[in-house]
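Asks: If you read the sequence shown in the numbering used here, its first letter stands for residue 1, the second for the next number, and so on.
Hints are not guaranteed to be accurate.
Claimed, not checked - In silico DSS-like pairs for lysine-lysine, Cα to Cα no more than 27 Å straight-line:
hint: 1; residue 1: 1106; residue 2: 1086
hint: 2; residue 1: 1106; residue 2: 1094
hint: 3; residue 1: 1309; residue 2: 1086
hint: 4; residue 1: 1134; residue 2: 1094
hint: 5; residue 1: 1004; residue 2: 926
hint: 6; residue 1: 1200; residue 2: 1235
Stated by the list, open to error - Pair ranges (Cβ atoms, derived):
hint: 7; residue 1: 802; residue 2: 80; range: 32 to 42 Å
hint: 8; residue 1: 871; residue 2: 1072; range: 54 to 64 Å
hint: 9; residue 1: 831; residue 2: 961; range: 50 to 60 Å
No lab work stands behind these hints: they were computed from the structure. Where a beta carbon is used, it is the ideal one built from N, C-alpha and C, also for glycine.
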Amino acid sequence: METQRKSSGDDDGGERGLLHTWKGYSCSVTPERLLLPRPVLQVALGTRHGVLLVEGGQVYSFGELPWKQSQLPEPEKPTLESALSGQRVVAIAAGSFHSGAVTEDGGVHMWGDNGSGQCGLSGLSTVPNPTPVALVDSDTNPSQTVPVLELACGAQHTLALSAQREVWAWGSGCQLGLNATVFPVWKPQKVEHLVGRYVLQVACGASHSLALVRCLGPQDLHRPPVDKCRQCNQLLYTMTDKEDHVIISDGHYCPLGVELTEDEGMLEKPTPTQGLKTSPSEPVLPSHTSTSASPEPAKGAEPSSEPHQGSDKEESGLANGVLPSSDSDPSAQSKGVKSSPYPDEQAVKDYLKKLSDTTQAEQTVKATAGGLHALLPSAGGLASTNAGSALNSLVSSCASAVGERVASTYEALSLKKMMNLYMPSGAVKSGVPAGLTGVVGDNTAERVRQEDSTQAKKSSSTGDIREEEAESLRRRLSLPGLLSQGRYAVHLLSSSYTLLLSPRLLRKAGRPRMRAVALTPLGGAVPESHEVFPTLQTEVWSWGNCEHGQLGHGDCLARLQPLCIKSLNNKEVVRVAAGAHHSLALTAQSQVFSWGSNSCGQLGHMESPSTVPRLAKMSEGIRVWDISAGERHTLLLADGDCIQPIIYYSGQQVKEGAEESNGNRLGQQEESEEEEQQAGTQQPVLLPFCMNLRYVSNVFAGGQRCVALSDRNVMGFIASLHELASAERKFYCKLCHIKTQIIRPLLELESLSSTLGPVALGLLQTLAGRFSLLCHLTGQHAASLTANLRRGRDVKSLLVLDNAGIFLDSYREYCIAMGHFQVMGGFQALTKPSLDFFGKSPELLQRLSECSEENPTMADLLVALFYLPTRHLHEYGRLLLKLATCFEVCSNDYQRLQDSCSKFEALALQLKRKRKDADYTFHFWKSFPGKMTDSLRKPHRRLICESSNKALTLQNAGRFSVNWFILFNDALVHAQFSTHHVFPLATLWVEPIPEENTGLYGLKVITPEETFTLLASSPMEKAKWLRSINQAVDQALSGAGQDTASVGSGSGQKLEPPISRTASYTFYKDGRLKEATYEGRWLTGKPNGRGVLKWPDGRIYTGAFKNGLEDGFGEFVAPNKTLNKNDHYQGHWKDGKMHGLGTYRYASGEVYDGSFQDSMRHGHGMLRSGKLNTSSPSVFIGHWLQDKKTGYGVFDDITKGEKYMGMWQENLRQGTGVVVTQFGLYYEGAFKDNKMMGTGILLSEDDTTYEGEFSDDWTLNGKGVLTMANGDYLEGSFSGEWGSGLKVAGSYFKPHLFETDKDKTRAVKLGRLCVSAEDKWQAVFEECWSQLGCEEPGQGENWKAWENIAVALTTSRRHIEDSPEILSRSHSRTLESLEVIPQHVGPITMERYHTIRLYLIKACDTPLHPLGRLVETLVAVYRMTYVGVGANRRLLPQAVNEIKSYLNHIFQIVRFLFPDLPEEGGLIPEPTTNVQDKKEPGSTDSPLESPKPNRVVSSSALLLPVLLPRLYPPLFTLYALDKEREDDVYWECVLRLNKQPDLALLAFLGVQQKFWPVSLPDSVPALGDKQQVLSSSSKDACFASAVETLQQISTTFTPSDKLQVIQLTFEEITQEVQSLLKQDFLWSMDDLFPVFLYVVLRARIRNLGSEVSLIEDLMDPCVQHGEHGIMFTTLKACYYQIQHEKIT
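With the sequences and hints as input, model every part of the structure.
Replies: Okay, structure coming up:
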C-alpha cells in the first residue's frame, strides 16, 4: 500500500508503474499503453469503467462514466477525480458500476451507481463524485469511526476491511453477510459472523463475497464459544463412539436461507435437519421453531438489537430473491455471538450428568451433545470447563490418535472412507500443540481453556485422514510469529504424548505407536505474527448467491452468512479474487484454485460449473503469483523459465464489437450469462506479447478488460528483485514437493520404527520437523517477497535483511539435525524402506534431489535430497549481492545488502564444513569395530582425528597392548583391545613435554582422575595433536561444540584453552569421590574455586575448592537415613575437612556452633540440644577436644534447672566446678566422673552452708561442717542427700554463747574451689591469636597479624556482598574504614592513643574483625554463664573477676598489635603544647570521658567502654541480687525522707542555711527581690539540675562514665551555690556532705548500692586517689549514711 519509493537509480517517472491494457487473447491482440504523468500503483476495473491510483495518491477514472453529469469527450482517456484532491488515496476498488477509494487516514469515499445502496449513501440513485462514507462502530461508547484498509466492490454491494481486520458491508443482497431483512442497507454494518477473526483480504464477485481469514491462533481467544448453528439450532459437531474408534463430524449443513426442498414447502415450519446421525444416546436438542416472533434476545445480546417480526422478514427477504434467516435462530440479532449458545442449559446439564457416569465406567472418550464438554477420563470429575473449547481438546486428542495411525490396525475400516473424521485446524493451531497433547492431568482445565472456540471447528478440514494429517502436520510447525525485537522461539515437539483414547484401542494396536508427527508445524506454539512474516495458515470464507457454485461449498445453495470453504483449509491460500460468477484462490505454492461458473473456460480447467475449488491446469513448472478475475475471464501472472514474468489468460474470447451488443443495463448483463457457451479457452493460454511488457508487477481484470502494470529494469534493480522472489517461490515449491512426496511417505511407513530404532527415528522426526520449519519459513518469505513485488518494490521491506537471524538459525538448526541423522547412519538405515517404497528405480528421488551422479545409491540420493536446502544459501548470497550492485557503494542499502550477503555466504561455508565433519565421522564409524560403536556413537559427536596409523602411543605401554586414541568434538577416547575409556574434553588439559634430551615427542594429558603421557611419532604429529586437542577443548568449553572446525582448518586460532575453567564431571574411581559429580571451576585437572559436589547417596557440598579438595567457605548437606532428615554444615573447610568456624545442624535437632579441626569439633564451641519443649533441652558452651567436651565449659541443663561451670574431660564433668540451681543452691568443689565427688562447699538460699566431702550429686558423705544461717554449726561426719534428711554423727556448736569461742566463727570463703578466671575460655583467646597468625599468645610477627586482619576483612566482605541483605549501610562503612590499617608503630602520643581507641571501638563493632569476633564470643559465653539460672548472687565475685581477666587478655592482644603502647599503668608522655590542646582530644569523644585518666594507659580505660555495655545486663543483675538487702533498707529510707518538702529536708539533713536557695524573713530584704523564693511546702525545686544529672548514673555503663556523672553533679551543686553566694567558694567536706546527701536522696536511684559496688570493683586503679576517688567516696558515704539514718 505504500507509495513507490525511488531506488537510487535516477527514476524519472517513466520507469515504474507503466500501464498496458487489452481485451481477449487472440494472437492479434496488442496491449495499448495508457500514458499518465506518474507511475500507476493500482488499477480497479468495473464492467465498463476503470479507476487508477497513481503515485502521490491521485485517482483517475476512465471508460464509460454515466454517473458524471457531463459525458466526457474521450471516454478512454483517464480524467482526474478532483473531488479527492488534497486527500492522499492509498487503495481503490471498482464494482460493476461504482467505485471506491480509501485515503491515508482510513476514510472511505464512494461514487457511481447507488441504485442498490452500494455507495452507502441514502436517497441518491447515483453519486457523481467521490463522497465520504463513515463506518461508525456503535458498540463502542461513545461510538467511533472505524478506519479502513481496503475496499472491494461487487455489482450491488461493497465490502470494507477495517484496520481492526473486521469486515463491514453495505448495499443489497445476501452477499452482504448481514442479518438484514430490508435492502438496501445504506449504512455500513459490521459482518458479525467474522468478528473476532483476523481477516486478511476481501473480494467481491457480482453477487458473492470472499474473505481470506487468518486461522485462529492463541491470540484470538476472546471469542465466546458457539456450539450450535445460529440459524437452525443444530449442533455443529457430532461425535459417535464406535467400538474402537471415534467419529467426530462437523459436517453440519444449515438448511436455512437456501431454497427449501419440497417436503419443507411451508416456510413457517422449517424442521431442523439433522446433519449427521449422532450416537443413539444423544437427544436432538429442541430448537425453537415458532414464527410469531423470534425469542427474546438472549442474555448477552445488546439491547439495541430488537427482535424482528417474522412476517416482514419473510416478505422483504423474498422480495430480494433471497431467503431470510428463519426465526429459529435463538439469536437472530447481529450480536448473537455473545449470547448463550444453549436453548435449554438445564437439559444439557442433566444429559451430561447421565453421560458422565457411563464415561468414567468405560474409560473411553465420548463427547456429549456435540462436545459441549469433554469428559476426560483422567480427570474424572472434571465435567465442565469452558464449554465450547473442551471439544477441541477432545477432537484434537482423538484426531491425534487417529493421526498417530493407531487405527491403522483396522485397515478394514478403510480410513480413506472415513470422511467424517476431521482434524479441526483450530485445535491444531491453538496454543497447545493440540494434536500431540493428550489432555491429561491437573492442567487440563487450563489447557482446555486455551483451546479455541467454535469458529476454529467451523473451519475444520474435510478429506482423507492420511492427507489431512499430513496437511495439518505441515501446518503445525509454523515458524515464529510475534517477532518482538528480533527474538523468536521455535518450539519443538515434546517427545512424549499422552493419548485420550479408549484403552481397548490402545491394547489392540499391535505395533508400537508411531509419531508421524514430526512434520507438523505447531501452529499455535509459535503464533504467527501479522507484523513480520505473512501468515500461511489461512481459510477462505464465502457467502452470497451460488447459482454457479461460486461459493465453493459443493452445492448451489445461497448462504446468508460467511462459511468456511473446508477444502481450502491447509492449502496456504495467500490471495483471493472474484470474477462476476467465479472465484479464484492463489496459494503460497503458486497454484491457483478456481470454482464457480466456467461458461468460457475462465476457471482454467474443464469442470463446468465447479462447485468446489479445483486446481487450474498449468503446465509443469509454471508458478503463478498474481491473479485477477474479470466478468468471464481470468488473468494469471506467473514465473516461467526466465526471470521475466509471463501472463496467462483463460476465459472468454472478446470479439470486436461484441461489447456493445451485450447491452449496458445490469439486468441484461445477468441474462447474458445464460447464453450458450461462448468461445473461450480450454485451459490457460500464454499471452505471447507479455515478454514485451518487461517486468510486470501486477495484473488486473474487470469487465472484459485486462490491465498489466510493468516496470523498466533500471540498473538491473527490478530484475534482481524479480529474480529473488522467483527463486524463493521456486525453492518453496521444491521443498513442498520433497515434503509431500518423500518425507511424509517415509515417515508414514509401517516398518520405520523397527528399521531405524528409537534413536534414529527420533532424529529423523526432529529432522523432518526442522525441514518443515524451514519449508514454512521459505513459504512465508516467498509470500512476503511476492507482496513486495506487487506493492512497494523496494529494499526496505525485505525480511531477509532485518530478520536474517531467523533464516540463519533455521538453516543452522536444520543442518545440525541433518548431521546428527547422518552420523547415526540414518540414511543407510533408510535405504531399505526407501527401496521398498520408491521401488528399484528412484527417478522421483533423482529428479527431486537434482543428483547428477550415474546410478547413485539410495543413501546418496537421500543425503543429496536432504542437503538440498543448504544450497539455497548461496542463492541468497548471490541474489543479495546482485541487488547490492544496483546501489551506490556508500549508500546504506548497499551496506545492508552486502552484510546480509556475507552472513549467508559465511553460513554456507560453515554448514559445508559441518557436512564434511559429519561425513568424516560417518565413514569412521563404518570402519570402527562394532562393539564400541554402540556406546560411543552419539548424534552430536564428531570425529576430529584418530591414531589408527600408530601416530600416537601411550608411554610405558606393554608390548602387545593396543592403544588407539580418538579425538571427538566432546571427548578423547582411549580405546584398548576390548575396553575403552572416554575423557570429556571440558575436563581435559594437555601440555607438551619439552623435548630437551629425551628425543621423545610427548604430550602430557591431565584429566581429573588420571594423568598419562602420549608419545607422537614425529614433531609434526605432536604439533597436530596438540593443536587439535587444544582447539577441540576450547570449542567444547565455549559451547560451540557443534561447530567444530575439522582438523585441517586450524589456522592458528587461540593457542590454548584456559587452564582455569568451568565444567562438570563425574568421578568413577574408588575413593571418597566415587560416583560423585562435581560442577564448578577447575584448575589443571583439579576442582579449584567455587563448585558443587554431589554424591549419589545425597550428600552435597557447595562452596570453595582448592587443589581438588573442599577448602574455604562451604555448605555441606548429608542425609540421615534413620531420621529421614539432613545434617547441614555451613562454615570453613581445609584440605577436604571441616576446619575453622562453622555451624553444624544435626538431623537430631542439635546445633553446634564453633570451631572444627579435621572434621571434628575442636576448640571453642556451643552445642544446643533440643528445643525448649523437647525431651532434654540443654546448652553447652566451652572447649572441645577431638569431638569431646574437654577443658572449661558451661553446661546449662534446662530440664533440671541446673547450670555447671567448670572443667570437663571427655564429655564428663571432671575437676573443679560450680553448680547453681534455679532454687538458689550453690555448689563449688571437685567433680569426678560427672559427679560431685571430693571436697566441696554447698550453700542454700538462706545461707545454710555445708563444707566437706561429697560422693555423688548433692549427696554428702564423709567429714564436714554444717553452718546454720545464724552461725551455729555442726561438725562431724555426714551422709545422705541434701534436702532429704541427713544422717549426722558429730558435735553441735553455738559460738556466740561464750565470747571465748570467738576464734571458732566460720565465715565460708567462696571461690577457692572453682576454676580461676584466668583459666576460663582460653580457647577463645587462642583462636583469636591464631587468627592473627600466632602459634602462642604474643609470639608472632606484628605485620603478619595486620595482614591477616586485612585478609579476614576483605574475604568476609566479599562473602557478604554475595548476599547483601545481611549488610546494613553503616556496617559496610565500618568495614571500609577498618580496611585501612592504622599506623601501628612509632611512639604513642595522645593523638595516636585516640586513633587507637577509635579503631578498637570500630573493630569490636563488627564480628568480621578478629577482635570483634573475640568480643562477640566473650559476650556470648558471659551471658551463657550468668543469665538465667546463672543469675545467682554468689557468682558475683567470679563474674567480676572474669571481666577483669577479659580485659587483661584483650589488652595483651592490643599491645601485640600496637607494640609501642605502654603497659598497664604506663604513662603517655605529656604533649608539649599548652593545656587546652591537651584537653581537646578528650572532648572529641563522648563528653562523659574525663581527659585525665587518658594520660595513664590502662586496659579498663581503653577496653571497658567497648566491653562493659555488652556485658552490663547480666553483671548488674548479679550486683542487684547481691546488694538486695542493703538496697531494700536504703530504698525504704529514701521513700520516707522524700515525703518531706525541700526546706524540712534541708533542715533535717543539717544543710547550712546559707546554701538554702531561699530568703528567710530575717535576712536582708534588698537581696530578697533577686532570689528565688521557696514556699515552705514546695518539693523538688531545690538543686533540681544537680538531681537530674545524678539520675543519669543509671544510664551509663562504665565506672569512668559513672564517675564522670558524679563529678558533673558536684559541679552543678557548686554552680548553684556560687550563684547564691555571688562569689567563688571552696567546699569543705562538712559543708558539702549534707548538700550532696540531699541531692542523692532527691535523685531516688533505686539500686544505688549496686552502682556503688560496681564502680568500686571495676574502677581504674589509677583514679582511686584523685579527684574522682574522693567524689566516689562521698557518694559511698551518702549510701551508708542513708541506710543507717535514724529518723527522728
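Asks: Determine for every hint whether it applies to the structure shown.
Replies: Here's how the hints hold up against the structure:
1. 1106 <-> 1086: It holds: about 8 Å lies between the C-alpha atoms, which stays within 27 Å.
2. 1106 <-> 1094: holds, 17 Å
3. 1309 <-> 1086: violated, 63 Å
4. 1134 <-> 1094: holds, 18 Å
5. 1004 <-> 926: violated, 30 Å
6. 1200 <-> 1235: Satisfied, since the Cα-Cα distance of roughly 15 Å is no more than 27 Å.
7. 802 <-> 80: 32 to 42 Å: holds, 37 Å
8. 871 <-> 1072: 54 to 64 Å: Between residue 871 and residue 1072, where Cβ atoms are some 56 Å apart, the hint holds.
9. 831 <-> 961: 50 to 60 Å: Roughly 38 Å apart at Cβ, these two residues miss the hinted range, so it is violated.
The structure is inconsistent with the numbered hints 3, 5 and 9, although it conforms to all the rest.
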